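A.B. asks: Start from the sequences and build out the full structure, keeping to the hints where you can.
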Amino acid sequence: MKVCKRCLYSEGHALNLTFDKEGICSGCRVHEEKDSIDWIEREKKLLKLLDFYRAKTKKNYDCIIPISGGKDSYFIVDLIKNKYKMRPLLVAYNKQYNTKMGIRNLNYLKTIFQCDCIENTINPNLSKKITRYTLDKIGSIYWYNHLGTTTFPVQVAAKYKIPLIIWGAHQGIDQVGMFSHTDEVEMTRKYRKEHDLMGYEAEDMISEKDELYERDMSKLFYPSNKDIETIGIRGIYLNNYIRWDSKLQHEEMIKKYNYETMQQTRTFNTYDNVDCFMYSDLHDYIKYIKLGYGKVTDHVSREIRLNHLSREEGLKIVEKYQYNFPKYLNMFLEWLEISEKEFFKKLEKFNKLKKEDINKLEKRVLFNENIHSRDLLYTNNEKFIINSRTNCIDDKILLFDKGYINNIKGN
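So that you can map any letter, position 39 of the sequence shown is 39 in our numbering, and since no number is skipped, the others follow by simple counting.
Treat the hints with caution; some may be incorrect.
[As the list claims (entries may be wrong)] As a list, the in silico DSSO-like pairs of lysine-lysine whose alpha-carbon atoms are at most 27 angstroms apart:
#, residue 1, residue 2
1, Lys247, Lys110
2, Lys110, Lys345
3, Lys128, Lys316
4, Lys363, Lys34
5, Lys83, Lys255
6, Lys320, Lys290
7, Lys346, Lys128
8, Lys34, Lys5
9, Lys383, Lys5
10, Lys247, Lys320
11, Lys402, Lys256
12, Lys2, Lys352
13, Lys161, Lys81
14, Lys346, Lys34
15, Lys363, Lys346
16, Lys137, Lys345
17, Lys81, Lys247
18, Lys137, Lys349
19, Lys247, Lys83
20, Lys363, Lys316
21, Lys402, Lys128
22, Lys352, Lys256
23, Lys128, Lys209
24, Lys45, Lys85
25, Lys44, Lys2
26, Lys110, Lys402
27, Lys81, Lys256
28, Lys209, Lys81
[To be verified] Ranges of calculated distance between the beta carbons of each label pair, as one might list FRET restraints:
#, residue 1, residue 2, range
29, Tyr160, Ile385, 34 to 42 angstroms
30, Lys2, Lys59, 49 to 57 angstroms
31, Ser36, Glu211, 50 to 58 angstroms
32, Ser180, Met1, 19 to 27 angstroms
33, Asn330, Lys44, 48 to 56 angstroms
34, Glu41, Leu347, 43 to 51 angstroms
35, Lys59, Ser224, 23 to 31 angstroms
36, Glu184, Met1, 31 to 39 angstroms
37, Lys316, Glu211, 41 to 49 angstroms
38, Asn351, Gly23, 41 to 49 angstroms
39, Ile112, Arg234, 23 to 31 angstroms
40, Lys137, Phe221, 16 to 24 angstroms
I should point out that these hints are in silico values taken from the structure, not numbers from a laboratory. As the structure is a prediction and not an experimental result, all values here were calculated from the model. C-beta: ideal position from N, C-alpha, C; glycine also.
C.D. replies: Structural data, given as structure tokens:
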């Protein structure tokens with residue numbers, strides 16, 4: 001299998017990539033644009049676009065920003081509201097695998113930026129039914145979250161007739177160079193279905209045998225093409241207009257707003273997805289079984305391209321993390337009410353790993369914070385910051401929780 005000579009991506013990437021005659025992948029080649037694009041001119045183009053959608057009265061919102069408590073939301077809202085002076089409506093979808101830290105980050109975000117926010121929590125029993133079905137059908141415990149986070153913002157845009165949705169980085173550009181930054185690719189139903197949703201829409205998951213009825217699944221249907229066209233709904237990606245560096249952006253938000261971060265089980269990145277127990281844990285473990293690479297490879301490849309990390313260091317870090325056993329497996333099994341034996345039996349048909357990699361996983365290596373924290377150091381002495389308001393250890397999945405800490409000053 002071909003592996004890029006610069007980053008650590010292989011030809012087995014889920015989004016597909018190509019290699020040139022020098023053995024460099026398409027993702028790395030498109031990333032090179034970041035050093036040649038005139039970002040001042042790109043920002044001017046963004047400002048012109050935003051001005052077009054700026055509401056003429058205060059009775060409506062200028063745009064929608066999808067948010068969460070664990071990724072780039074602070075940076076996006078700060079940029080759009082404080083720098084560009086837009087009036088956004090924030091939209092949040094409850095992932096239901098919530099950590100206390102994620103709930104705090106989300107609630108502090110709403111408080112800090114003083115924006116209106118609409119949140120959606122679907123019936124937890126429906127979430128579990130969908131998860132049981134998708135675990136068996138497509139080997140995913142996270143499909144319903146990808147469905148909700150890509151559908152709900154568009155539903156809100158259609159309901160309130162707010163045509164502009166602002167997203168962060170387009171993963172097809174950022175990871176595999178599927179498009180050039182100058183293509184200015186936007187949100188599409190086709191990309192969402194083929195890549196985010198693994199080829200399935202909510203309508204495709206209707207199954208009366210599994211108690212997934214149309215009356216329930218219709219809450220997660222994407223708006224019709226007619227509604228999208230009539231309202232003129234479009235979703236833009238900021239990494240087409242500004243030089244995207246997730247690490248530096250997060251650190252700016254930590255400094256300005258005390259965004260909380262934490263060490264994770266299967267990656268050295270302490271900034272992304274801290275709102276979710278499962279994303280960088282069990283969900284990523286399944287991703288590795290199915291595809292042969294996990295989030296640590298995604299994160300290492302990104303940091304190599306941004307010159308935050310050497311390829312040699314990246315290889316060592318991937319070796320440390322990709323075989324780690326999920327810390328929150330039992331938490332998930334209890335939530336879904338299935339046995340460990342049944343769970344792994346369902347995964348067998350999706351396992352694409354070599355025997356040597358299966359043997360390493362079967363050792364069930366547990367995450368050791370003292371050992372793994374040493375991997376955060378880079379040759380240039382940079383590291384990912386661990387920044388938590390409390391040492392309290394989360395011990396259960398939360399649907400809701402308070403968004404503050406008792407007896408802690410500065411909340």
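A.B. asks: So which of those numbered hints doesn't the model satisfy?
C.D. replies: 2, 3, 4, 14, 22, 25, 28 and 38
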